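Chemist: Residue strings, one per chain:
Number of protein chains: 4
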Amino acid sequence: SQRWQHSGPAKSMEELLRRTVGPLPTYETREKSPVPLESSSIEFMHFYRNLDKAQKSEFLDKLSLEFGVDHGQVLELAGKVLDAQLRDAATVLQAEDRLRYSLTPRYRQLLSHISRVEGGVKFLVDLRADILDIISSKSSDSPHIRDLNGTLKSLLSEWFSVGLLCLERITWQSPCEILQKISQYEAVHPVRNWTDIKRRVGPYRRCYAFTHSAMPGEPLVVLHVALTQEISNNIQAIVREFAAVDSEEDISEINTAVFYSISSTQTGLQGVELGNYLIKRVVRELQSEFPHLAQFSSLSPIPGFSTWLQGILSQHRKESRGAGVLLEQEWEELQAVTGGEARDKPTDSLRRLLCTNEWVRSERLVRALEPALMRLCAWYLYGEKRRGYALDPVANFHLQNGATMWRLNWQADTSPRGITNSCGMMVNYRYYLQETTANSAAYLQTKAVTASEQVLGLVAQFQKNSKL
Amino acid sequence: SQRWQHSGPAKSMEELLRRTVGPLPTYETREKSPVPLESSSIEFMHFYRNLDKAQKSEFLDKLSLEFGVDHGQVLELAGKVLDAQLRDAATVLQAEDRLRYSLTPRYRQLLSHISRVEGGVKFLVDLRADILDIISSKSSDSPHIRDLNGTLKSLLSEWFSVGLLCLERITWQSPCEILQKISQYEAVHPVRNWTDIKRRVGPYRRCYAFTHSAMPGEPLVVLHVALTQEISNNIQAIVREFAAVDSEEDISEINTAVFYSISSTQTGLQGVELGNYLIKRVVRELQSEFPHLAQFSSLSPIPGFSTWLQGILSQHRKESRGAGVLLEQEWEELQAVTGGEARDKPTDSLRRLLCTNEWVRSERLVRALEPALMRLCAWYLYGEKRRGYALDPVANFHLQNGATMWRLNWQADTSPRGITNSCGMMVNYRYYLQETTANSAAYLQTKAVTASEQVLGLVAQFQKNSKL
Amino acid sequence: SQRWQHSGPAKSMEELLRRTVGPLPTYETREKSPVPLESSSIEFMHFYRNLDKAQKSEFLDKLSLEFGVDHGQVLELAGKVLDAQLRDAATVLQAEDRLRYSLTPRYRQLLSHISRVEGGVKFLVDLRADILDIISSKSSDSPHIRDLNGTLKSLLSEWFSVGLLCLERITWQSPCEILQKISQYEAVHPVRNWTDIKRRVGPYRRCYAFTHSAMPGEPLVVLHVALTQEISNNIQAIVREFAAVDSEEDISEINTAVFYSISSTQTGLQGVELGNYLIKRVVRELQSEFPHLAQFSSLSPIPGFSTWLQGILSQHRKESRGAGVLLEQEWEELQAVTGGEARDKPTDSLRRLLCTNEWVRSERLVRALEPALMRLCAWYLYGEKRRGYALDPVANFHLQNGATMWRLNWQADTSPRGITNSCGMMVNYRYYLQETTANSAAYLQTKAVTASEQVLGLVAQFQKNSKL
Amino acid sequence: SQRWQHSGPAKSMEELLRRTVGPLPTYETREKSPVPLESSSIEFMHFYRNLDKAQKSEFLDKLSLEFGVDHGQVLELAGKVLDAQLRDAATVLQAEDRLRYSLTPRYRQLLSHISRVEGGVKFLVDLRADILDIISSKSSDSPHIRDLNGTLKSLLSEWFSVGLLCLERITWQSPCEILQKISQYEAVHPVRNWTDIKRRVGPYRRCYAFTHSAMPGEPLVVLHVALTQEISNNIQAIVREFAAVDSEEDISEINTAVFYSISSTQTGLQGVELGNYLIKRVVRELQSEFPHLAQFSSLSPIPGFSTWLQGILSQHRKESRGAGVLLEQEWEELQAVTGGEARDKPTDSLRRLLCTNEWVRSERLVRALEPALMRLCAWYLYGEKRRGYALDPVANFHLQNGATMWRLNWQADTSPRGITNSCGMMVNYRYYLQETTANSAAYLQTKAVTASEQVLGLVAQFQKNSKL
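Residue numbers (this note's numbering), protein chains in the order written: chain A, 1 to 468; chain B, 1001 to 1468; chain C, 2001 to 2468; chain D, 3001 to 3468.
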């Protein structure tokens, strides 16, 4: 833009970085350094935004490598801490504080200054999204980038601390701008049109978002709730039922809150806990609006099930196994329905059957597959782990929050997407408010999963038959 | 309050601290630690609030001493950093990151959790005020308390980062609650009644405050501005002139913005830069409202002058000096007016004269004292230093912001308070917007003070005559 | 103001009126008349505002006399209605409509146009206040002025119809401007300072006002409510009790709503029903906030009692009567306390006693006077009439609303004002919500007053003894 | 709804009307009648809403016939006015006032009470829409219905007086609800989707509406404005141009305000002047935002042109005329393009050509038809009258407002709708702010139309050739 043409285009990244990323003040003068020029921050932001993807990666490599910690100084001060160990407390603390300060990367200051500029916080959230992309795409495997990521994440965690967030209820009276964003961000059950979104903010529904004063008009995490008489086992009943769109809520018909969608909108805030806090705040909000609300539960997708199942079936095939996936009578029933030949292998049949969504058109097939798929899915959710925690990311989220894996639902999401991702199954994670704290601690510390009898029963059936 | 009575009164500080200040998770599990119980934070806050002053001091001593850094671990990890120095970057960075993590005091986590609770941020601001009080009153000289102070300050700095602050213009339409607070907080030129405050938010005046979403309704720093035709040299003309209270602003009569009062309201935010940012934001705001505004200046008190002068005079007296304070003809004139005897010493006379506010009633005395007091005051502001920076705190604030010491004004504040504090003088620190950045850097880095010819002239007169 | 100088000062009222008060369009073109010039309305308003009081009176006389109804045309069209009486309905209705139109005063159009201009509605409210003042001060006894008054009142009644009013709850968060106005307007129990008003909008208190979109920031009628455990019998307990100013409301302690002050702020809206509607709206508002609220009552002043009593006593004196005011033993007791002589007449003594507020200092006198004054006051409220309705204006207001005259309270307002106006008595008008409609109709149509046994008992005592 | 079941269903209209439409109080007690029961109004509204269309018509017939004016009393009081004609002013005015009061229909009171109930004003607006429908569909030709209509209109005119309306600017930040309504109401250039509406409230566009405090969230009349460099001659350039949807406005490119759509949304407010006032308010609003705005103009449809033209052509055909519609060379050119035969009649050809929208596909046809259609259309707008005023309703609206018929534009609306209604032509009515008042008065009083040279030139060409 024109504002920059007189200062000349920054000739090179080096020059720009040298100019905008100031040196770390000495420990003694750290409180007396001049308030930095806002124009430096703006110049940095402007320069970065005009880079293409490859340049951004190069730029961030340079920033993290050359403007990070002064390792020599760290060594020197680490030595001093060791030397001071037998001295008095004041000396020890002083040495530690100097060491701590020396471990501050030089770019941390710049990031902090940028947050003070208008639009700066949003810039940093987007910058972190770029960094995460670079890390996950392995376009850089520099350990310095990881350090930059850690520094930025810890700053964002402070700025997006829950005390600084604002809970907003979204209604049909909310600004169009925010409703349009909510529609676009809805990843779980896509919003097709404005009638859809009107329904999701209408009677017997609630939609809440956290916003932040530094990013006005931008919902950070969005939670959709249905107010029902019992815990829902079908998502279409929630998002496609329009009868009630102009009715008034009859409070006596509201007994249960079903969280049927939660979406984070900012990739750059990955790892900054927001969803958990949003659920807790919304529970409080709903309790105050409906003091007699008795049940809180999610109705959640199982995004990884089909992929996992295809993996299992492929592997069995290679290993020529197959027993354990289907029981004998299940396999026979399936053959009867599909008219398959006797020499077909169950895993092959199943794999072929599930690779399109055709099977759902046959009621008999749907019935025939139910027991096996329910069993497998229960195991996937309950038994499959990554570093000890639930492999399924949605399961992991709710279990961290202290929910109970409560009910697996057959034919709960019959949209093409639902069939493709999880053979149409969905799961309720139930929030027993008295137990979430204990459950959360147990899960995080001992990796114990709390589950209902239905889920445990399915898991037990799986284990009995499985030779996995 | 009753909510706590069933859990039993915390038997002792130790027990409470052990229960509420959790251990620091290990480095490996630091992202997997359970979200802490909100009730722990609330219990901590409640317990602390019910302590008396001495108990608070004891409690904070304990907290800072026993729940700080694990020094043993720091030593171990500092050793590892030294060991890793010749290894690859990834290893070095990893060792540094572990060391950095080990330097986190255990209580830092708790402080962070408290900030998430309703009212938590305000609690921490007030907690820091207590800590500062303990430190300054020497009721504890523990170096650990200083560490706690440093940790808390750095957290508050992030939470009160300018990007998270909200600029509010205060008018007669603002909520009564906030206007009452603004009145109470006004420390520089006290608000006597509601007509006073109505005037200060009325025509030809502006009042701005920073607020923060975590402390709604609480102005953090307040700036009062007068919109005038020239840079004011008298505060009574600003705060006591009521003719215009119901008039409409005539934009053609507005040429200058005079910042005549800036007050921080939260002791606990000491050292967190707010005033400087507020002035900058207000300048932008005013420029957008009045594009033709040509001059920006403060009209500031000189809170330390009289005390300093009395100190000088006492010292001269002890050392039997006196020459240099008054010129020969000034001394003669003074004797003529007061009818003093020839053998009186000038310093004694002056000291006696200034120890009450009576002298201002005599026009002749006022005239007689002007040259000497102006000279002395110019020197006090420009020449007297503390660790190299201006001794006068208001001067130091504006010079840090990059203002120029522009004009010393005689009989600028004729209120009893003004006479007592600074013999009625006030000073304009002028903001030349093109130069504030350079001035600020020069002052902070080389301690150079930018001043006008008037001020420098007075300083030169002082230096010529002084034998200080 | 300068806008008018080019059009020249209006040379005379006549010229101005002729220019700004257009002729009434003919019946045929009444819907096709050009939208009037806004500048005419503004010129009229400006001209009127610059007149002094006597000129205003003259101006309004002229306006009402010369720009009213065209009497000749009325006669003609009245004749046509008579002629049409045996014709078909269409002809009759047409004749009536023409007659109705001809009865429109020419100035009605102008008033209507003024209401469309910014500030116009407020101008007309103030204009009506002037007209009422002229009428009541007899500075004009023109019947035309009364017609102008009627026309303006009927227009104001439509514009200030309840559907167009906005109920606002006033709190300590409301704009200072509105709270200052509420304080100034409070006529019943004057607000002394900002602590007073803070109390009246604080916990266990409610303050509501009707505002109107055409007069923003201007409360039209204000109702103060105390939320209590029982129906209050003392006003100082409500307006001087500050213990609770920072406490939180304990909903379990709220059982009763006491309307302790209602003030209309706009003289010009006299006769436009607002207070009645405000009470009804507030009752609904309170019921929705506190569903268990069981009692609604006023605690009302008795503004005319003392004046009425002095009148009675004077008259008795002249007529040398006295019996009936005090019972024998009351008279004796009084003499005992005051040490009066036997030949004093009771009415004289009483008159002297009550003409200052000294008597309230003597507990014995207070006790001695209670039965007689309670009896007299009950009669004053219940029995004294003006055109068949209660003489006391406050009584008349609440009885019209359908309230019951419920309890007369001794020593209920011990402020000097309260003693002077009503010997310290106040009365509760109780709103039994199921009965107000019937009560209101009964009072308005048959002039029947609903009263409690306490009041009726006092009235009966009075009647028994009275020889009035 | 259930609230009514206990009071029993109203057995008949008669009973309901008798119960809810009270008698008119006598003249003497007119200010002392009890405030009516809100429940009566609610019952009336509820009853009416549940009627079907035919029942509503019957009901309104009954209401207007049986609860209107007391004709006997009118006769009596008309007589008294005649008798009083030689008496003093007070007697005359009194007689007139009684007569005026007697001319109040009994149902007027009820309508007034309904306006005080929540939702009552909206009910009355919709009621009037029903009445207008009955009148225009001749489903009742009762003169009493017309009286009811007149009474209701005059009440609505007072309640929707401009001083009581609120101007709202609609933006993408406005509530979704209101933007959806604005989209639905847009009758002139239909809004196809949410991108369309986003554009119409985005940069270089303004959208304003009047709302009313008694009908919150309901825009009454909506004005769309384009901010351009010159007066637009094409509507697609305004409503289909999306380049600028996310750009920022460059104030230096804004010179002209084009009103390209104005829609009234409430049939029931027919005849209540709103659009004229909205345009005036918006002009003021725009002038204050863009002090240098130099030109104000509409870009307006010509809804009646094609229908009128087809009428003309049919008539010519019947009368075997044809000359005057097309010039000789125009007719030859047309034949050349269409390949028509020599014996075809011009009017027939033209009629056939224009009865579909095919002709716009041929550039040559478009060129060939331009002069004739422009000439005809100019005449239609300027010369065709109904009761002396412009026949075209849009022309009539802008001429009443004082605009000048400024420029007829060829191919200005190439949408199917535009071609069908007006052969693609649109017209600019230009608002010369200094002249609108005089123009408006001239038009309304003398029916004179102000037009530009372009329009007058076209009209002159038409007149020269026409044998109409």
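Be a bit skeptical, because a hint or two may be false.
Stated by the list, open to error - 16 Å max Cα-Cα, derived EDC-like pairs, lysine to aspartate or glutamate:
#1 K80/A <-> D1083/B
#2 K1447/B <-> E31/A
#3 K153/A <-> E1158/B
#4 K3032/D <-> E2118/C
#5 K2080/C <-> D3083/D
#6 K1080/B <-> E76/A
#7 K198/A <-> E3177/D
#8 K1181/B <-> D2246/C
#9 K153/A <-> D1083/B
#10 K2153/C <-> E3319/D
#11 K3153/D <-> E2273/C
#12 K2032/C <-> D3097/D
#13 K447/A <-> E1158/B
#14 K3198/D <-> E76/A
#15 K318/A <-> E358/A
#16 K80/A <-> E1076/B
#17 K1280/B <-> E31/A
#18 K2153/C <-> E3273/D
#19 K3345/D <-> E3319/D
#20 K280/A <-> E1158/B
#21 K3280/D <-> D2246/C
Claimed, not checked - So these bits of chain A aren't anywhere near chain D, every CB distance computed over 10 Å:
#22 H71
#23 W172
#24 Q173
#25 G339
Worth flagging that the hints you see were computed from the coordinates, not collected in a lab.
Owing to the predicted nature of the structure, the values given are computational and were not obtained by experimental measurement.
In this text, a Cβ means the ideal position worked out from N, Cα and C, and glycines have one as well.
Chemist: Going straight from one Cα to the other, do K3280/D and D2246/C come out at no more than 16 Å?
Modeler: 50 Å, violated
Chemist: Minimum Cβ separation between Q173/A and chain D greater than 10 Å?
Modeler: Violated, because the least Cβ-Cβ distance between Q173/A and chain D comes to about 4 Å, which does not exceed 10 Å.
Chemist: Hinted pair, alpha-carbon criterion (16 Å max): K2153/C, E3319/D. Please report holds or violated.
Modeler: 62 Å, violated
Chemist: Far enough from chain D: is every CB of that chain over 10 Å from the CB of W172/A?
Modeler: Per Cβ check, W172/A is inside 10 Å of chain D; nearest 5 Å; violated.
Chemist: Measure nothing beyond the straight line between the CA atoms of K1181/B and D2246/C; if it is 16 Å or shorter, mark the hint as holding.
Modeler: 15 Å, holds
Chemist: Next pair to validate is K3153/D with E2273/C; report whether the Cα-Cα distance is within 16 Å.
Modeler: The hint is violated at about 23 Å.
Chemist: Check the hint pairing K153/A with D1083/B against an upper bound of 16 Å on the C-alpha distance.
Modeler: Violated: K153/A and D1083/B sit about 28 Å apart, past 16 Å.
Chemist: Would you check the hint for K2153/C and E3273/D, treating anything up to 16 Å between C-alpha atoms as holding?
Modeler: Cα-Cα ~23 Å, so violated.
Chemist: Keeping to a limit of 16 Å between CA atoms, is the pair of K153/A and E1158/B held or broken?
Modeler: With Cα atoms ~13 Å apart, K153/A and E1158/B stay inside 16 Å; holds.
Chemist: Need the status of pair K2080/C, D3083/D: alpha-carbon distance at most 16 Å?
Modeler: OK: K2080/C and D3083/D at ~15 Å, within 16 Å.
Chemist: Given the hint that K198/A pairs with E3177/D, test it: the Cα-Cα distance must not exceed 16 Å.
Modeler: Roughly 9 Å separates the two Cα atoms, so the pair holds.
Chemist: Given the proposed pairing of K1447/B with E31/A, does the C-alpha separation stay at or below 16 Å?
Modeler: 14 Å, holds
When the structure is compared with the earlier hints, violations turn up for hints 4, 9, 10, 11, 12, 13, 14, 15, 17, 18, 20, 21, 23 and 24 and for no others.
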